[in-house]
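Dock the two chains into a complex; use the hints.
Which chain is which? The protein sequence lines are A and B, in order.
Numbering that gives the first Met the number 0 applies: residue 0 is where the first sequence begins, and numbers increase by one.
Numbering that gives the first Met the number 0 applies: residue 0 is where the second sequence begins, and numbers increase by one.
In case anyone wonders, no lab produced these hints; they're calculated from the structure.
Idealized CB from N, CA, C, for every residue including glycine.
Incorrect hints may appear among the rest.
Derived contacts from chain B toward chain A, CB cut-off under 7 Å, selection only [claimed, not checked]:
#1 Pro56
#2 Gly61
#3 Leu74
#4 Ser95
#5 Arg103
#6 Ser104
#7 Gly141
#8 Pro164
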Amino acid sequence: MNVNRQEALEYMRKMVLIRRFEERAEEAYGQGRIGGFLHLYIGEEAIAVGAMAAMKPDDDVVTHYRDHGYILARGVDPKVVMAELYGKTTGVSKGKGGSMHLAAVDRHIWGGYAIVAGHIPLAVGLALANQYRNLPRVVTCFFGDGATNNGTFYSALNMAAVWKLPLVAIVENNLYGMGTAVERASAVSDIFKKAASFEIPAVQTDGNDLLGVRDTVRTMVEMARAGEGPQLIEARTYRFRGHSMGDPQRYRGKDEVEAAKERDPIVLWRRSLLESRLATEDDFRKIAEEVEAEVETAVRFAESSPDPDPSELCANVLVPG
Amino acid sequence: MPQATLLQAIHDTLHEEMARDPRVLVMGEDVGREGGVFRVTEGLIDRFGPDRVIDTPLNEGGIVGMAIGMALNGLRPVVEIEFADFIYPAFDQIVSELAKLRYRSAGLFTAPVVVRAPSGGGIKGGAYHSQSPEAYFIHTAGLTVAMPSTPADAKGLLASAVRGPDPVLLFEPKALYRTVKGEVPEGEHLVPFGKGRIVRPGEDLTLVAWGAMVPVASMAADLAAAEGVRIEVIDPRTLWPLDIALIEESVNRTGRAVVLHEAPRTCGFGAEVSALIQERCFLRLKAPVGRVTGYDTPFPYALEKSYLPDPEKTACAVRAAMEF
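Looking at chain B on its own, in the form it has when it is part of the complex (with noise of 0.2 Å):
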């Protein structure tokens, strides 16, 4: 199988899902030209013309809430925002509209708008390039919220994404766009939506995390390891639909849980992961679900690597669950 990064993996899909379907759209801010700013759609203009990759005005709200009536109208619009954190003047098209119309019109019509962004920190971007906004959005019934770590889930997600019946927002760990390198499997590939991904198998406590956090979570399972301690690490790859069997499978075995995520601590999507476990898994656990997570704080520019999780902390984390 060919390797390609994170990023490369995208732009593949993209490239390879307009070719394979004339009402494939690509629209964001410099995602023609230019090639967007993480150059993720670099050259697809090139190969489909400035009717299927648009150059949009700088505004959210307008570009998603477009992309809304165009797929009402038989289109299959991929929307890029530059930065998860900008996503937040188009929350009201996208809680308000787009995730609503299937069920106000009793599944008459829906918008299957792919909405992808690029999310998280890791590359020094301050209070307004570094978010993980996942849990505003999963909070919302409607949204399909997926976030890949690999490139071949990176492939499959986004394939499924844009083939699907219902919105999807990909939320892609900036900091893996080029860090990350593995196998892509050619033609095609699809990862359903709502089915997790045993990164690594233990025996002593599931350790669940997604995006940038399970090449740290898999650090963490090294770390633990040099202690005697086997940990399962998961990525539920689609954060909802949660995949909770695998996990209640996971811990009902392990009998020990931490979740693992860099958004704040308050209300982030660990804290439903959690809640998850303890009702399901309670007469099996021999602690508490631990959480590792951001702080709740605005995002640090200097102070990043102080806020973000890290194996070190995960190990903690981990040791705490095992001594209780």
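Bound-form chain A, shown alone (with noise of 0.2 Å):
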């Protein structure tokens, strides 16, 4: 395998850090610590923390809603992650994003967004100030299978390849748009074959597959880097989770997730270390204490921290003149 023990175990790291992170989320969402919405990301940490490890760290990020995987990935502390979850002031955002819109603009991540498919045109942009500038990064830009099927993919698709922007697109393919399944959503299922309109190069790929995400990212990042353009890959994942908290799952069977689980990032992860003999069964005990401990340090820190004055209410709506 192309990877060293020590990124191994980091990969290992930070995908047991999203999920016990989301796990303890929901939670605290269930004794309604957390309001409103909560999407997780569980079944699909092998994308973000693969992707993650494939960029430059001031390669920008532009994401979709479920995002608390990719801004823990980037190493942002989770004790201000889970904060803003929690709507305090020592959140990312002050308590005034929330779960859906996570930003740590000096980690060049610039938000997640609610608006489906609403924040590729963004990405574009973000990509196009890039090559304005001769600045050397190259922007991801994560959405799910849902936003293909939205006119705003398409035009931002169009603009990036017009001008040959460095932007690669990351198809997060869960095969669920919230509840309607791909094929019946969606003319093509095989998501990767729509950018062929624009004649942008495009694979699909196991997303589930830690290595097989990074690798794939990291050659299609540096092809845009090196200038050829936009890129786009589907990574064909599952969500073991509903789309979001008191999603009912009418949609599919218990018996159709649990097959899913079987092929658990993490579980694959794991297995393909110790066949390896790159970790061992000591490794994953020493990670699991190690984030256990880092995740209700952030609890404690989200649970401790000040709810936002009242009088921030209409404060940063604009500059005050």
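Listed below in structure tokens is the structure:
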């Protein structure tokens, strides 16, 4: 495997961190400590972790609303991410963004966006600015299969192709747009084929195979960086939880979900590390303990942080004139 | 001071701002080689090149969305939407993304995009080349909405928009593009947002109008003057944030107010201005606040003159307020 022990364990640590972070968020949501909506990434962690590992730290990232994984994979402190979910002043956006709008500009994470497909043109613009400013940065834009049925997806890809922009679109095809199966909503179930209209190079990859994701993203990102224009990756995956909390999941059977869990990206990565003797059970135990402590610290931090003062309500609409 | 049309003032200001700051880019459908549908951007591409004067695909939502990303990433895009009527495909990008970034990030980032859109009737454009959509955007927090009625204000508002920290929508009254001429200050000239202008002073009634309705208001004031009524005409210039203090002070003096706009009546911005006046000046008012507006219809083609407010209709509303 094209990975050293240190990298291998770091990828594992990040996937486990995202998993445990979200499981604790799920608990907090059930206790009413996190409000509104919570869209869990559980089952899709290999994509965020693999993609971030393939990019440079100043490559720009724009994401959809199922966005906890990316910001954690980029290395933002789980404390400030959890605090944002709790709506606390210590959160990444002081509690003004919430779960679906996580951003960390100093880490080039330009935000999660809750209008499906609405953020794709923003990624095109970031890429155009990188090109205009002669910056060697590539923009990656993450979205789901549902977004590719929206006109904004096509119009954005067209612009990126017209100007040969350094953009990599990463479609996480988890087989359902909320509750509607891909084949019921999209004339083409192999999403990557949609890029052909714009002569954008596109590939389909196994989104649960961490190393496969990393290497595919690395190849496409470096092609984009080399001036070869936009690229598209369809990463096939499966979401183990509902679309958001409270989804009755009438669109799929429990057996289907259980079968999918056999291809849990964490289980697969663990197996390949054991088989290749890059890690031992002890390593995994240590990671689990460290992550447990880190997530516990994040939860405590969020719970003990202050709520925003009502005087904040009208701040940050416009710069005061 | 040199004289210029409204259109020339906007063109020259774009030129000046691009020369001043290499981060400023102009983008839109046919803004480059073609010089824009109204020729506002004519010649900019020759001076600044196609990297800074970008001909885009026909895709308003994509253009504005892309401009947001560019602004996040350190640029100063000035978007031209060919007609304000074509802004609706970009509505989602403007109200869902552009308007909300500063707020949802608690001030950590924002996108200082300028969107220019020729608006209003008067050129027989019919249903899709004549509308005045300002109220939709004023209703969305996070947007500055301005509409100049003179070449000098066009320069000052556009320059403030390009240099400012937040997104700005500039609706340009296309009926005035080549029909209004005026002095334009040379060099730096910034009109701050949220500051209105008294177009002409008067003691008997305050007439608030913006865009292409400002000259109509002045003509109505002439008609009223012949009847001995002295009208104070106020052009807010920025619709949001509104200079309500200027209007309030005026109405407290005159005791009467009429609001004039060409957008449809119901939920038009005149309704908000009227409500604000009544909240703030209730005990000084000698008559209900009047409204002269377009009709609650799609914008007509042949009946454009019947639809648009004119000096006579405005004078009727003034008379009604005076005789109440």
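Earlier hints that do not hold, by number: none
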